[in-house]
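The primary structure of each chain is shown beneath.
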Amino acid sequence: MRKESFIFSLLRLLVSVAILLLLLLLYWSFSLMETDIKSIKSAIEQLTSTVHDLPQSAPLSNAAQVPKKRERNYIQEALPNLLVDDLFYDNILPELLGAGFKPEGSLETAVVGKPDNLHPLSSWYNVNVWLALCNVAVSHPTFGYFESYSPNAAIKVEARETEDHNIEYWIHLREGMYWEPLKQDHFPSSVKLDPHFLKRHPLTAHDFKLGFDVIMNPFIEESSSAALKLMFDDVLEFKVVDDLTFYVRWKGHLVEIDSQKVYRPKYIAKNITMGLTPLASFVYQFYPDGKKIIDDTKEPDPYRTNSSFAQFFLQHWAKNVIPSCGPMRFEGMSDEQIRFSRNPNYYSPYACLVEKRNITFKPIEDTIWQGFKQGALSFYSLTPEHLFDFENFLKSDAYKKQEKNGEAIHELDYLFRSFTYLGWNQTNPLFSNYRVRQALTLAIDRKRIIEQILKEMGFEIATPFYPFSKAYNPALKPYPFDPIKAKRILEEEGFYDRSGTGVLSKETPQGPLNFEFNLTYFVKNPTSKSICEFVSTALREIGIKCNLNGVDIADLTKLFEDKNFDAYLLAWALANPPEDLRSLWHSSLAKEKGSPNSIGFKNDEVDRIIEELTYEYDPARRQQLFFRFGEIFYKEVPYTLIHASKPTLLYRDNIQNVFLPIDRQDLIPGAVVSEPDDSIFWIKKR
Amino acid sequence: MIAYLLRRLILLPITLFFIILVNFVIINLAPGEPTTLTEISTTGEAVRRGTQAVTGDMRYLQFREFYGLTLPILFNPWPFYSLKTVTNEIKESLDASLSIEKQDELRLKIGDQARFIMDKLLHIMEDPKSSNEMKEKAVRFFIRGGVRQAVVSPSPTEEEKIYNEKIAKENYFLIQQLPEKNDPNLQKKIEELSKWYKRSKEEYQFEPTTWQKLRMFFFETRFFRYMTRVVTLDFGTLRNDPNKSVISEVTKRFKYSLTLSIIPLLLTVILCQLFGFFMAYHQNTISDLSLNLLFLLLYAAPIFVVAPFLIEKGALHNNFPGTSTPIPIGGFSSPEDLFSKMTSWERIVDILLHLALPFMAVMYGSLAAQTRLTRTAVLEVMRQDYVRTAKAKGVSSWNIMVDHVGRNAAITIVTAVASSFGAVLGGSLIVETLFDINGFGKFFYDAVINRDYNVIMFSAISGSFLALVGYFIADFLYMWLDPRVTLE
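Line by line, the protein sequences are chains A and B. Per our numbering, the very first residue in the first sequence carries number 2; after that it's consecutive. Per our numbering, the very first residue in the second sequence carries number 6; after that it's consecutive.
Mixed in with the good hints there might be a few duds.
To be verified - With beta-carbon atoms standing in for the labels, derived distance ranges:
#1 A/Gln453 to B/Pro331: 32 to 40 Å
#2 B/Pro331 to A/Pro81: 55 to 63 Å
#3 A/Ser50 to B/Ile252: 33 to 41 Å
#4 B/Ser158 to A/Lys42: 30 to 38 Å
#5 A/Asp414 to B/Leu21: 53 to 61 Å
By construction, these hints were calculated from the structure, which means they are not laboratory data. Remember, it's a predicted structure, so these values are computed and weren't measured experimentally. The beta carbon of each residue, even a glycine, is placed where N, CA and C say it ideally should be.
Based on the provided sequences and hints, a complete structural model is requested.
And the structure:
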């Protein structure tokens, strides 16, 4: 091998070192530049946010927001306003917050799973919650009450009867409400926004009309719109009078009330009208280049009839953003989280008391719980599985340290509007007899399920309503646990242990019928699994063979929709009163694929009650009808109600205004809502 | 050699075609609609809401049409159906004793066929001998077959706009003819529809010629549509968002999955060499035995136990040793608002801090396995004659280990390491889920759960393509490594 001269090697070494040094210097200068750019960028961001929040930097007060007066020709002063003042927002909340209050901080929460999209007709519950954060409605529920409406987008709602006995709700919108501009960086680079989208647009009656039209378009059959479509069936006309006025004409039906024939719209008509929401026509009627999707000048109601628009709307280019005109403003969604900020241009300064809200998407429940323990989340709904871990955590050093830093955890128990039940498929010969269903209910010790599996985070109910609703009859007590009586009833119905195997069976014309069935449940939820195992063991005791069938969500949905199951464990989330019994209990839906009446419940009297409730306005009579339904439910036991859920809200020390309206009768007399409302939470600076 | 190369290159697309065919058929035969209405509540339960209602045929129609799911899978015999077959099918669908599932299946099936059997449906509608019930059903299917989809594109041409406007008008006309139960106007509606049929039968090929029928038989199928897209490398969009293409979503996750597989792979290679050589050199000493035991334990511990253990006992409320930086328990980096304010160096550190635990979780198993393999390989080479010769020649033990042992032991190790390259695309579902990292594993898993056909197909195609190319290269490598192998 030829030896290199020493000089040459030295030279090579020097050159390499020099190149390395040069590279390091280059990196250093780049990093200096980067730091500079960063600081400039953050300074600009700060500046823009300061400019944006200029009206906000003053302490909040209702007085600052007096709308300027414009001639309102269509308001009839003589007619009463169906909207009532919300004393909580007008007087009590400002008092609670004190003078000089400024909204600060960010509420951090998390949800399991990432939504498919943010389409206005999404059937994902959380998406609807987020859409509502950024949107308005004709009215908002009066704080702490059900079936009471306060001004929101509308300042006045009038009911006018027409000559042909129909009723018109005239809605007079608030002046000076705007849709916030879209932002280019919320879209993929393939979508270039026209300047049209980058400025504010006033919220008008046309936006409400568009919201109505897309629901009524026969080519839009999303599951979320289908229910509304049925309800809107009675709307004869939806007319925009001017930019700030529209009316909805509801059909009056000739019904017999107290043996008198009267014309009446459906009871639900008022509730639905009050809940109408606008759809941003400056976004959804357009292509990204600012041209209209369809020519809307040729035909009347084009958005209500056009199938091409329906198709474009369902696949809309803006389906992953939320056009905002409500208390909060959409600030973007990534794979990790969705962000909102307070809308300083919103008319009511008290509608949002924090500066930001971030909701993180987590793959599983466990990671949310870990996040809360670490202090990354503001509040968390504790589940039975984590109760033990939570108690241990409170004793840990890590928590002691958090406590010292002012991050103590508080607890608030409340009743959640949902209940868990076993549904018995009534087309199955085993469950077609109500006596058998009673026996099954008697054989399951629900108290013990609540004690052992739910760790007391649930309670027994007798009828399928929210216990604080007027529809719930407290006189009915849940079935006791009585396996002996259960066995006796089954014997009376012909179920004996004929084969000596310990499994009951019955002689039928088709041959012996063994009491054996599959119980389907959502396999990924440990609590559901434990409950089903408990039920299976309990039924085994009285000679019923209950096979467990744990499935994932897609299969569960399919079984439910095809009504292809023996029995299942599921929960219903309840809507706000007024309760609608039709979708769950009317016999006309018993054989429809995918209907909520999945167990195939049929009862003539219940059908009559539902029809009567449709037109009954008298609260006392309504309650009577609900109670009667409750009695039938109690006797028929189409569901075995396992429990209504009673979660515990855990929240950090700096989160304020966490209370249940029903507990604060001193502030809100007569309040009935018993769930915490996170829209009034605010964050105290440490 | 050239002949072999050519043969392999020709076989490659053919093999790929059959892989696609088999996968396509299996995926399309899997039961279940790509949609769910049941939700998971905040407490983890399966929950439904009464506000969601039953909907009709239109509900998934647009979706199904968009993805070509209304067509048969491989061949389309529907244009060849006789009047008798169609009549029997409709009769069957009127049978009230059928289960809801079966009824729904039939309704969907005839609905999908409707476009190809319009003439027969019209015949049934107009036939005075058909019962009213039959007619009603036939009208429904007729309308279903007549309703067409608009051309959805972000910037349609003038022609497309005119077409869209035209079919919007026709669709609205058609849907207004939908009969109610015991509709008194049924006959009138049928007449209207019949007029419409006569007007448009030429344009929409309602009465195809044999040649047209044959074309439909082969080309109006799901598979043909999919293949025409695939050959132009268009793998479609995500089920839930037509703005996002499958390719862009996959590339977006590249950085997560590649970081999570390549860096641990490199670290594993380096560490396993160090440990392997150390253990072989000190064979049967205390240090060798204890390391052996440790790696045996690591090798045996399953990932779904180790990962939660790392989170619970290692990370939660603890700082990195010797610092006051808390150990992050999940995610690829800090939250965006923080991350975007960092300089590039801070970002790298931030990502490395976040990935410290996931790396451990990904690495420990393969590290244990590879180390034990390296130890064996080194020991085997150390017993060779040439090593003894080198020792006798007085070569320093460092040189023996590096030049003589190392090089020869590497062949075994590299083969083992190379085989784990295949896992790159697969991602690691468990680690990604537990550490909340948005990589391939979770992406493909979610696609399977959500029945996102395009993504599933893409993962199958790209996986098999990579495997085929891998084998192709491996064959050439063998030849290059071992002169005894020839490809003649």
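Now for the hints, and whether the structure bears them out:
{"no.": "1", "hint": "A/Gln453 to B/Pro331: 32 to 40 Å", "result": "holds (36 Å)"}
{"no.": "2", "hint": "B/Pro331 to A/Pro81: 55 to 63 Å", "result": "holds (59 Å)"}
{"no.": "3", "hint": "A/Ser50 to B/Ile252: 33 to 41 Å", "result": "holds (36 Å)"}
{"no.": "4", "hint": "B/Ser158 to A/Lys42: 30 to 38 Å", "result": "holds (36 Å)"}
{"no.": "5", "hint": "A/Asp414 to B/Leu21: 53 to 61 Å", "result": "holds (60 Å)"}
Violated hints are absent here; each numbered hint is respected by the structure.
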